[in-house]
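Protein chains: 2
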Amino acid sequence: MKRGKVPPLFDRIAIIGFGLIGSSLARAVRKEKLARRIVACDASAAARAVIKKLRLADRVVSGAAEAVAGADLVVLAVPQSANAAVAKAIARHLAPGAIVTDVGSVKEAALRDLTAHLGPAAILVPGHPIAGTENSGPASGFAELFAGRWCVLTPPPGTPASAVAKVRELWRRCGMRVETMDAAHHDRVLAITSHVPHLIAYTIVDTVAELEAHLKAEVIKFAASGFRDFTRVAASDPVMWRDIFLANKEAVLEMMARLYEDIALLQKAIRNGDGKTLHRVFTRSRRIRRSIVQAKQD
Amino acid sequence: MKRGKVPPLFDRIAIIGFGLIGSSLARAVRKEKLARRIVACDASAAARAVIKKLRLADRVVSGAAEAVAGADLVVLAVPQSANAAVAKAIARHLAPGAIVTDVGSVKEAALRDLTAHLGPAAILVPGHPIAGTENSGPASGFAELFAGRWCVLTPPPGTPASAVAKVRELWRRCGMRVETMDAAHHDRVLAITSHVPHLIAYTIVDTVAELEAHLKAEVIKFAASGFRDFTRVAASDPVMWRDIFLANKEAVLEMMARLYEDIALLQKAIRNGDGKTLHRVFTRSRRIRRSIVQAKQD
Numbered sequence: 004m005k006r007g008k009v010p011p012l013f014d015r016i017a018i019i020g021f022g023l024i025g026s027s028l029a030r031a032v033r034k035e036k037l038a039r040r041i042v043a044c045d046a047s048a049a050a051r052a053v054i055k056k057l058r059l060a061d062r063v064v065s066g067a068a069e070a071v072a073g074a075d076l077v078v079l080a081v082p083q084s085a086n087a088a089v090a091k092a093i094a095r096h097l098a099p100g101a102i103v104t105d106v107g108s109v110k111e112a113a114l115r116d117l118t119a120h121l122g123p124a125a126i127l128v129p130g131h132p133i134a135g136t137e138n139s140g141p142a143s144g145f146a147e148l149f150a151g152r153w154c155v156l157t158p159p160p161g162t163p164a165s166a167v168a169k170v171r172e173l174w175r176r177c178g179m180r181v182e183t184m185d186a187a188h189h190d191r192v193l194a195i196t197s198h199v200p201h202l203i204a205y206t207i208v209d210t211v212a213e214l215e216a217h218l219k220a221e222v223i224k225f226a227a228s229g230f231r232d233f234t235r236v237a238a239s240d241p242v243m244w245r246d247i248f249l250a251n252k253e254a255v256l257e258m259m260a261r262l263y264e265d266i267a268l269l270q271k272a273i274r275n276g277d278g279k280t281l282h283r284v285f286t287r288s289r290r291i292r293r294s295i296v297q298a299k300q301d
Numbered sequence: 004m005k006r007g008k009v010p011p012l013f014d015r016i017a018i019i020g021f022g023l024i025g026s027s028l029a030r031a032v033r034k035e036k037l038a039r040r041i042v043a044c045d046a047s048a049a050a051r052a053v054i055k056k057l058r059l060a061d062r063v064v065s066g067a068a069e070a071v072a073g074a075d076l077v078v079l080a081v082p083q084s085a086n087a088a089v090a091k092a093i094a095r096h097l098a099p100g101a102i103v104t105d106v107g108s109v110k111e112a113a114l115r116d117l118t119a120h121l122g123p124a125a126i127l128v129p130g131h132p133i134a135g136t137e138n139s140g141p142a143s144g145f146a147e148l149f150a151g152r153w154c155v156l157t158p159p160p161g162t163p164a165s166a167v168a169k170v171r172e173l174w175r176r177c178g179m180r181v182e183t184m185d186a187a188h189h190d191r192v193l194a195i196t197s198h199v200p201h202l203i204a205y206t207i208v209d210t211v212a213e214l215e216a217h218l219k220a221e222v223i224k225f226a227a228s229g230f231r232d233f234t235r236v237a238a239s240d241p242v243m244w245r246d247i248f249l250a251n252k253e254a255v256l257e258m259m260a261r262l263y264e265d266i267a268l269l270q271k272a273i274r275n276g277d278g279k280t281l282h283r284v285f286t287r288s289r290r291i292r293r294s295i296v297q298a299k300q301d
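So the protein sequences, as listed, match chains A and B.
Each residue of the first sequence is one higher than the last, beginning at 4 in the working numbering.
Each residue of the second sequence is one higher than the last, beginning at 4 in the working numbering.
Only chain A is shown next, with the shape it has when bound in the complex (with noise of 0.2 Å):
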């Protein structure tokens, strides 16, 4: 206890894939001094540099499986469809009573892709801090990214309480406010929440892309605040996003039907010159963005 009277939650935590989540997260480890050792993975050479560089862990390692060993907890930092290789790596690997948890925005996937290969033994507590900028890599990250941020864990039926308990305090510490709730509840939410609107910045980003040249140019030197903060969100990092629409193709999809049956009613209402029918839909719209001020989430 030479820390003080609170000791830190975890002896050593392994963070494997050191992005924007991971590299902030030993950021934030570091601070709060929430572990007594941080052991960094990173498959790139060149962000193990920055880490290094950064000093960013106690030691820094390029493969899962070395990384693991004597660690307390595991956290998966890796875009969502390394999930199952990396667990595959590590699953022979992990000291005995080791938590294993995961930072990916879709959670049905992760729990089925940790499970598969760390198998039903291992104590698996998948998470989802919900935060991020659109900058990605080691040297992206800062402490204070978590601040205020929401937390979901979604422990499988079984997981020790105790598991559970350790992981909610670690991102408590963080600064997050941390939730439990169902995985397949989760991703639900998350995908009209987050992965349509990322699939419509997208997609609006990509039409502007192949108009007539003249157009564009103007496009992209009028750009006014309604497109701007689309191009914002279209801006995240393409490989993660490519993953989450992949992993939460179901939920995403049926987002995206009811999405459409809004959008008809009221393309029909412009067509008609229905102007009753928008500033209903508009101004029932305000009222929903007023609750989520409220909720103190802007």
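No lab work stands behind these hints, which were simulated from the structure alone.
Take these hints with a grain of salt, some might be off.
[Said to hold, decoys possible] Only pairs whose alpha carbons sit at most 27 Å apart, straight line, appear in this in silico DSSO-like list of lysine-lysine: (1) K55(B) x K34(B); (2) K169(B) x K36(B); (3) K55(A) x K36(A); (4) K56(A) x K34(A); (5) K279(B) x K252(A); (6) K55(A) x K34(A); (7) K169(A) x K224(B); (8) K169(A) x K34(A); (9) K56(B) x K34(B); (10) K169(B) x K279(A); (11) K271(B) x K252(A); (12) K219(A) x K271(B); (13) K279(A) x K34(B); (14) K271(B) x K271(A); (15) K91(A) x K169(A); (16) K169(B) x K91(B); (17) K91(A) x K279(B); (18) K279(A) x K91(B); (19) K219(A) x K252(B); (20) K36(A) x K169(A); (21) K252(A) x K219(B); (22) K252(B) x K224(A); (23) K219(A) x K279(B); (24) K169(B) x K224(A); (25) K56(B) x K36(B); (26) K91(B) x K252(A); (27) K271(A) x K279(B); (28) K271(A) x K219(B).
[As the list claims (entries may be wrong)] Examples of chain A residues lying across from chain B (beta carbon under 10 Å, computed): (29) V64; (30) A212; (31) A237; (32) R245; (33) F248; (34) N251; (35) G276; (36) L281; (37) V284; (38) R289; (39) I291.
Built from N, CA and C at the ideal position, the CB exists for glycine as well.
Fit chain B to the known structure of chain A by using the hints.
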């Protein structure tokens, strides 16, 4: 020339409609000494009380005809659907040589509505200062609203160059970068950069409004970044946006049709697990985003 070496651009500016744009313009005109007198006109008694209380104008009236008497510049800053009625009301009261401009988001409709009632002899310089916030009303304005943003002027063929130059100088001194273009071209550019994004934002928020209660509550609670950006856009003034969609019907429906084709492509890629297509489109969108950042519109 009591105010120094640079004479005011105008002797008397009449601003009809004192919402966010009208009241911000009045503040900027005062601050930059762009006119000797400002006459404010608003149909709402509540708005007029705010204008008087905040001393935003030299004179405050309720009728447009009264407001324009003796003004050498008349600015229509009412919702787009009110342009025709205001034009009709002021037609016989304009001073000889008075310049008439507006601030609406749809320029073909503005030109049509103004010309119809003011006649071919009127000096029209329709304009669109591309600036705004999610707030409305005379108290929400501020002089710096226009700083660094674009203003597009769409004078019809035959407009005296001196009149265009004066309106250009008005917005330039409010801090805007000013361009002149054809009204129809303006409307297509704005359809894809502003109107369609707003339509989608309103729709997606409306889709949330119709979710099952427990899902809706959590959507509001966990609103992640993409959704918050969407809802910010959807908080804009419902009357203004109703009018925009009714006035720019053709361009909006055309751009929606293009957008649908692109959404269908991505949706099919998700359904088929086609990660290559998703990654290709997302990477292209990121490039466009970077063009916009480089164009300094963020």
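Hints, verified against the model:
no., hint, verdict
1, K55(B) x K34(B), "holds (17 Å)"
2, K169(B) x K36(B), "holds (14 Å)"
3, K55(A) x K36(A), "holds (19 Å)"
4, K56(A) x K34(A), "holds (18 Å)"
5, K279(B) x K252(A), "holds (15 Å)"
6, K55(A) x K34(A), "holds (17 Å)"
7, K169(A) x K224(B), "holds (23 Å)"
8, K169(A) x K34(A), "holds (18 Å)"
9, K56(B) x K34(B), "holds (18 Å)"
10, K169(B) x K279(A), "violated (38 Å)"
11, K271(B) x K252(A), "holds (11 Å)"
12, K219(A) x K271(B), "holds (26 Å)"
13, K279(A) x K34(B), "violated (39 Å)"
14, K271(B) x K271(A), "holds (24 Å)"
15, K91(A) x K169(A), "holds (24 Å)"
16, K169(B) x K91(B), "holds (24 Å)"
17, K91(A) x K279(B), "holds (24 Å)"
18, K279(A) x K91(B), "holds (24 Å)"
19, K219(A) x K252(B), "holds (20 Å)"
20, K36(A) x K169(A), "holds (14 Å)"
21, K252(A) x K219(B), "holds (20 Å)"
22, K252(B) x K224(A), "holds (23 Å)"
23, K219(A) x K279(B), "holds (25 Å)"
24, K169(B) x K224(A), "holds (23 Å)"
25, K56(B) x K36(B), "holds (20 Å)"
26, K91(B) x K252(A), "violated (55 Å)"
27, K271(A) x K279(B), "violated (34 Å)"
28, K271(A) x K219(B), "holds (26 Å)"
29, V64, "violated (28 Å)"
30, A212, "holds (5 Å)"
31, A237, "holds (4 Å)"
32, R245, "holds (4 Å)"
33, F248, "holds (5 Å)"
34, N251, "holds (9 Å)"
35, G276, "holds (6 Å)"
36, L281, "holds (4 Å)"
37, V284, "holds (5 Å)"
38, R289, "holds (5 Å)"
39, I291, "holds (5 Å)"
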